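So the sequence lines, in the order shown, correspond to chains A and B.
Remember, my numbering sits 3 above the position in the first sequence when you count from 1.
Remember, my numbering sits 295 above the position in the second sequence when you count from 1.
Possibly wrong hints are sitting among the right ones.
[To be verified] Restraint ranges, calculated between C-beta atoms of paired labels, are given here: (1) A:D14 x B:T375: 39 to 45 Å; (2) A:P79 x B:D360: 46 to 52 Å; (3) A:H80 x B:T312: 46 to 52 Å; (4) A:P79 x B:V298: 22 to 28 Å; (5) B:K336 x A:A16: 22 to 28 Å; (6) B:V298 x A:S12: 28 to 34 Å; (7) B:H302 x A:D70: 42 to 48 Å; (8) A:T59 x B:T413: 46 to 52 Å; (9) B:W305 x A:S12: 24 to 30 Å; (10) A:E102 x B:S368: 33 to 39 Å; (11) B:L371 x A:Q45: 17 to 23 Å.
Note that these hints are calculated values from the structure, not bench results.
Being a predicted model, the structure only gives us computed values, none of them experimental.
By construction, the Cβ of each residue, glycine as well, lies at the ideal position given by its N, Cα and C atoms.
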Amino acid sequence: DAKTTQPPSMDCAEGRAANLPCNHSTISGNEYVYWYRQIHSQGPQYIIHGLKNNETNEMASLIITEDRKSSTLILPHATLRDTAVYYCILSGSRLTFGEGTQLTVNP
Amino acid sequence: GAVVSQHPSWVICKSGTSVKIECRSLDFQATTMFWYRQFPKQSLMLMATSNEGSKATYEQGVEKDKFLINHASLTLSTLTVTSAHPEDSSFYICSAVSRLAGGLYEQYFGPGTRLTVT
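Okay, chain A solo, but in the shape it has when bound (with noise of 0.2 Å):
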């Protein structure tokens, strides 16, 4: 299974940038990022997912790089609601989960 690291913990000041990091380095040529969030005691929330190209949507921009061995999900005024974990996985059939960013937005 192609595997996601990410740091365990990030700290945002509430309405800056929040830039989240995935490496991916063993990624292969059709398989997706995808980027999720989990809230304490709730389920995962889709926030943005892409190939190769940067995408954009109303949460979240998602830069990969040419190469396509990492990732930066951008949330670009972060709020206190967005403390979460944040996943980075990739869409092999396996759809495994990683240990996540502890994201958290202070006042």
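Given chain A, put chain B in place with the hints provided.
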């Protein structure tokens, strides 16, 4: 996005009894459903893959006779924890997947079920 529901949202049961958890995709048909378990301060651990009309595929270390999965239709999968023990207390989450062409999929998660075995 699409909605996946789970029922019940929380349940307390006595040791030795069985508990059934339902996972429903409310507005789309799911070709596959997944069941995860999550212990406090840990990530989601995939337990099994449930395909409509066929037997579930269990991950290594997950007892298929203890965690019975039935995927009766494209919108419903059930997980039954049989002879529950306190160590089965956990947060159980399902997801429903609709696979698209080219390796793309849409996966939506349920809100989770908190199981406490006393």
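Cβ separation of P79 of chain A and D360 of chain B, checked against the hinted range 46 to 52 Å: Hint holds: Cβ distance 49 Å, inside 46 to 52 Å.
S368 of chain B and E102 of chain A - C-beta distance against the hinted 33 to 39 Å: 34 Å, holds
Pairwise beta carbon distance, L371 of chain B to Q45 of chain A, judged against the given window 17 to 23 Å: 21 Å, holds
Verdict for V298 of chain B, S12 of chain A (Cβ pair) under range 28 to 34 Å: Holds, since V298 of chain B and S12 of chain A (Cβ atoms, about 31 Å apart) stay within the stated range.
P79 of chain A versus V298 of chain B beta-carbon gap, inside 22 to 28 Å or not: 27 Å Cβ-Cβ, so the 22 to 28 Å window holds.
Range agreement (Cβ of T375 of chain B with Cβ of D14 of chain A, hint 39 to 45 Å): For D14 of chain A and T375 of chain B the Cβ distance comes to about 42 Å; the hint holds.
Range hint compliance [Cβ, H80 of chain A to T312 of chain B, 46 to 52 Å]: 48 Å, holds
Outcome of range test on Cβ distance (H302 of chain B, D70 of chain A; 42 to 48 Å): Given a distance of about 44 Å, which is inside 42 to 48 Å, the answer is holds.
Range agreement (Cβ of S12 of chain A with Cβ of W305 of chain B, hint 24 to 30 Å): With Cβ atoms ~28 Å apart, the hint holds.
Supplied distance hint 22 to 28 Å, evaluated on CB atoms of K336 of chain B and A16 of chain A: Hint holds: Cβ distance 24 Å, inside 22 to 28 Å.
Cβ distance range 46 to 52 Å for T59 of chain A and T413 of chain B, holds or violated: 48 Å, holds
Every hint from the earlier list agrees with this structure, and none is contradicted.
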